[in-house]
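Undergrad: Here is how the chains run, residue by residue.
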Amino acid sequence: MKKRLEVLLLPLLVVFLFVSVWHIAVKVSGSEIFPTPVEAIAGIAELFRYGVLFKYIVASLFRVSIGFLLALIIGIPAGLLIGWFSRAFYAFNPIIQVLRPISPIAWIPVAILWFGLSDLAPIFLIFLSSLFPILTATMAAVQNIQLVYLRAASNFGVRGLALFKKIILPATMPQIITGVRLALGVAWLVVVAAEMIAVNSGLGYLIIDARNAGKRYDLVVAGMILIGAIGLCLDLLIRRLQRLDEVRWGFQSMMQ
Amino acid sequence: MTTASIKIHLRDLGMTFDGKGNGTSIRVFERITLEAREGEFVCIVGPSGCGKTTLLNIIAGFVKATEGDVLIDGSPVHGPDRRRVFIFQECGIFPWLTVEQNIGFGIMDRSRREQKEHIDHYITMVGLTGFGNAYPSELSGGMRQRVEIARALVSNPDVLYMDEPFGALDYFTRLRMRAELISIWEREKKTILFVTHDVEEAVQLADRVVVMSRRPATIRTVIDVRLPRPRDLDSLHYIEVRNKIFEAMGLDHSGLGVHEKSPAPL
Amino acid sequence: MSKQLKIFLTVIGVVAVIGILHFWLNVGFNKSGISNSGNVAEEATFRVGFLPVTCHLTCPVTDWINTNMVGHGFYEPVRFSGWPELKEAFLSGNLPATFMLAPMAMALRQQGVPVKIVYLGHRDGTALMVHKDSKIYTFKDLRGKKIAVPNRFSNQRLIIYRGLRENEMTINDVTLLEMPPPDMPAALYSKSVDAIISGEPFMGQTEMDGYGRVLYQAKQLWPNFISCVLVVHEGVIKEHPQWVQQLVDGIAKSGKWLDAGMEHRMEASEAVATKYYHQDPRLLRFVLSKPPDRVTYSNLALAKNDFEKIADIAMEAGVLSGPISFDEYADTTFSSKTHDTQPYSWSPTQ
Ligand SMILES: Nc1ncnc2c1ncn2[C@@H]1O[C@H](COP(=O)(O)OP(=O)(O)OP(=O)(O)O)[C@@H](O)[C@H]1O
Ligand SMILES: [Mg+2]
Chain A
90 MKKRLEVLLL PLLVVFLFVS VWHIAVKVSG SEIFPTPVEA IAGIAELFRY
140 GVLFKYIVAS LFRVSIGFLL ALIIGIPAGL LIGWFSRAFY AFNPIIQVLR
190 PISPIAWIPV AILWFGLSDL APIFLIFLSS LFPILTATMA AVQNIQLVYL
240 RAASNFGVRG LALFKKIILP ATMPQIITGV RLALGVAWLV VVAAEMIAVN
290 SGLGYLIIDA RNAGKRYDLV VAGMILIGAI GLCLDLLIRR LQRLDEVRWG
340 FQSMMQ
Chain B
22 MTTASIKIHL RDLGMTFDGK GNGTSIRVFE RITLEAREGE FVCIVGPSGC
72 GKTTLLNIIA GFVKATEGDV LIDGSPVHGP DRRRVFIFQE CGIFPWLTVE
122 QNIGFGIMDR SRREQKEHID HYITMVGLTG FGNAYPSELS GGMRQRVEIA
172 RALVSNPDVL YMDEPFGALD YFTRLRMRAE LISIWEREKK TILFVTHDVE
222 EAVQLADRVV VMSRRPATIR TVIDVRLPRP RDLDSLHYIE VRNKIFEAMG
272 LDHSGLGVHE KSPAPL
Chain C
-3 MSKQLKIFLT VIGVVAVIGI LHFWLNVGFN KSGISNSGNV AEEATFRVGF
47 LPVTCHLTCP VTDWINTNMV GHGFYEPVRF SGWPELKEAF LSGNLPATFM
97 LAPMAMALRQ QGVPVKIVYL GHRDGTALMV HKDSKIYTFK DLRGKKIAVP
147 NRFSNQRLII YRGLRENEMT INDVTLLEMP PPDMPAALYS KSVDAIISGE
197 PFMGQTEMDG YGRVLYQAKQ LWPNFISCVL VVHEGVIKEH PQWVQQLVDG
247 IAKSGKWLDA GMEHRMEASE AVATKYYHQD PRLLRFVLSK PPDRVTYSNL
297 ALAKNDFEKI ADIAMEAGVL SGPISFDEYA DTTFSSKTHD TQPYSWSPTQ
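Residue numbers (our numbering), protein chains in the order written: chain A, 90 to 345; chain B, 22 to 287; chain C, -3 to 346.
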């Protein structure tokens, strides 16, 4: 019980300190451009009043979830195959390693040229940025499967598709989930950049729109707060996956 | 017992691992010739790194020997087979499956009902009643080892390959597991190849003990243990056999304690 | 098994709900919905790109007036946040027409992009700003200073070249920094640059907020200054000349309408700021009125010598790799029919 209270109170205390320092810093510097925390919160309230708060959140969530889902659907099977078949690994790993470190921001022109002015362009950017963490985590997970599991499986005559389903996928699941968690973080991170492309909704758009709007840095900061808060919620959600019985073994030391 | 047919026949096995790129290859063992009869309990002892696991992997068909061949029931082994189940030195049960699912892993092609019967039977046999839905991470080391033994037994194999299955357990659990293994073996009469570097364990369990030398290993000697079961650890005969094995190994160890788990000095 | 199924269904369900909400709230929200890339179909809504700057003001104003007069505009104005995205959208073929920096259009043409300038967007509407505390009072005082320009292809950069030339200075006497105009006020406020130059309302914003001072209005350095022009894809001219004419006429009419009276400008400020630019209306009201000729929208027909002046400096600044003829990048067919065009006969107060 005491532990729980601490887990709740300590972070709140740090947030409170952070916000106070922010407030004092703005007041002391006398900045007319940078908003105080109160102004930023008022900015959120204003977005709510104009009815765009919910819309923007939905728009960003939509782009992130579609792009991210595509990355999952392609990244996990591809990662399993590339990790398992050494020929596929030799063939694809170099290009993956070349593409992986390219910032999604560098892909913006490509996204516009290919997908034009639709939701597809930001979805593509989010897909790309979440694909690589998933792909590389899955590949590495397959290559790190303990030999005992594979030998035990072959001992019982498990091979082919059943081997993927019964051994390779569950054995790699904890590492895949770690990759997926990382990827969701990146996907949410990239939403601001992705919504710089001519879309007219979303939290990333909100920030860019507010920059265009003259002295509305309160809305910029409001957007930042919203992105951070939703990112936290997404991470808390995906963390619950780590508690599933089938994968808990992979996180044992981390949870104790 | 001598009339039983030959189950496993190793003919002049030799194994060399190619050094990975650096050109140093490891000659693990050579000229290994051995026969194990149907239903026999054979222990293989030897210093750490002498190639016991490698030998067992070759017999089980996981690894190919560089020389010689393995015959089982007269025909050569080409790969693993579900009639001969391996119990691993590092625990080989699947952590993502429950105890029941693990035990049932080898008989998934059978009917639901049959599966359930078998699983229940073996869960009781290895004393894990009530833990059917537990995950391996919730079990103690000894319990996990018992799950693996149950998983091996459930598909009713002829042969069990056991690679230091009790190595990671504490002393008392180890003693109990040995007793349980013997009672299972006496009931089911499997052929068992059991690797250990614990001489006491070998004497306690085996019909015959194969003593291997250091790398490049050969079979130093094979010692018959003609002791009635359950074995009395204090009987003179027991100590005599044990000392014989020590002696056989001691040639390599110049009096160092052989059942210590530290790697042999090279 | 059923647990995996449950997770799977939950994920699919959540995504479906988000998708439905998104299409309901955001996509259904713009009148044209999602239209795919590619060719401009006969009945499809043409898109016209713009940035929330006064140089592009006629784009939203034409749409706004048409929406009010006949219930709908004849194109879909698409707002961008920066030059690179706008240029790329045009290159991708998703944008048949857009407002664009004049030198950028000329340079794209020289690089083989089928772009034609068909009309001007505005005259003037650019200011060179310094911090009110700074000691910079003449162009010569800029020696050794940092100046933020919107884009290397912007006429705002060329105007600096022109000023340097007239003051017998060279480009080595100043440091030019490319910066998105929306970021310029903050840069000037924090004094991270000494001067900023871009289209309005970002310059007026610094003046309105009390830390910026106009060093020069564009016309003082370059009379009849043009920053942005209306460009269309060559293919659109071939296939839909009547639409291009309609567009040019609309821009001409709303331009003249904007210059026809201050009350028009005030009404337009309100509407454009809230509906199209998402800015504080005071900003547009300020830059459209103080002084009234800070930016003008009449006299937008294409004139060869305006562009030759631009081309001349553009070559010096390395924007153009060599001479390029006016006919190659400009198509005056539509512009020449606008001389008698009358302003929209509409008043918001009616
Ligand atoms: N895949 C491999 N590649 C190269 N060398 C190997 C490989 N597997 C084992 N070896 C080497 O072969 C030798 C025998 O290894 P093995 O695991 O069979 O020994 P062991 O007798 O089981 O030892 P322990 O009692 O410690 O389990 C060791 O020197 C080891 O380094
Ligand atoms: Mg071993």
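The reader is advised that the hints may include incorrect statements.
As the list claims (entries may be wrong) - Some chain C residues flagged as far from chain A (calculated, every beta-carbon gap over 10 Å):
no. : residue
1   : MET65
2   : GLN216
3   : GLU304
Said to hold, decoys possible - Sample of chain A residues facing chain B (criterion: CB under 7 Å; computed from the structure):
no. : residue
4   : VAL237
5   : ARG240
6   : SER243
7   : ASP334
For the record, the hints were derived by calculation from the structure and aren't laboratory data. Note that CB positions come from ideal geometry on N, CA and C, so glycine has one too.
Undergrad: All hints are to be evaluated individually against the structure, with a verdict given for each.
TA: So, going through the hints one by one against the coordinates:
1. MET65: holds (24 Å)
2. GLN216: holds (24 Å)
3. GLU304: holds (31 Å)
4. VAL237: holds (4 Å)
5. ARG240: Result: holds, 5 Å to nearest chain B Cβ.
6. SER243: Nearest chain B Cβ about 5 Å off; hint holds.
7. ASP334: Hint holds; ASP334 (chain A) Cβ to chain B Cβ min 6 Å, cut 7 Å.
No hint from the list above goes unmet by this structure.
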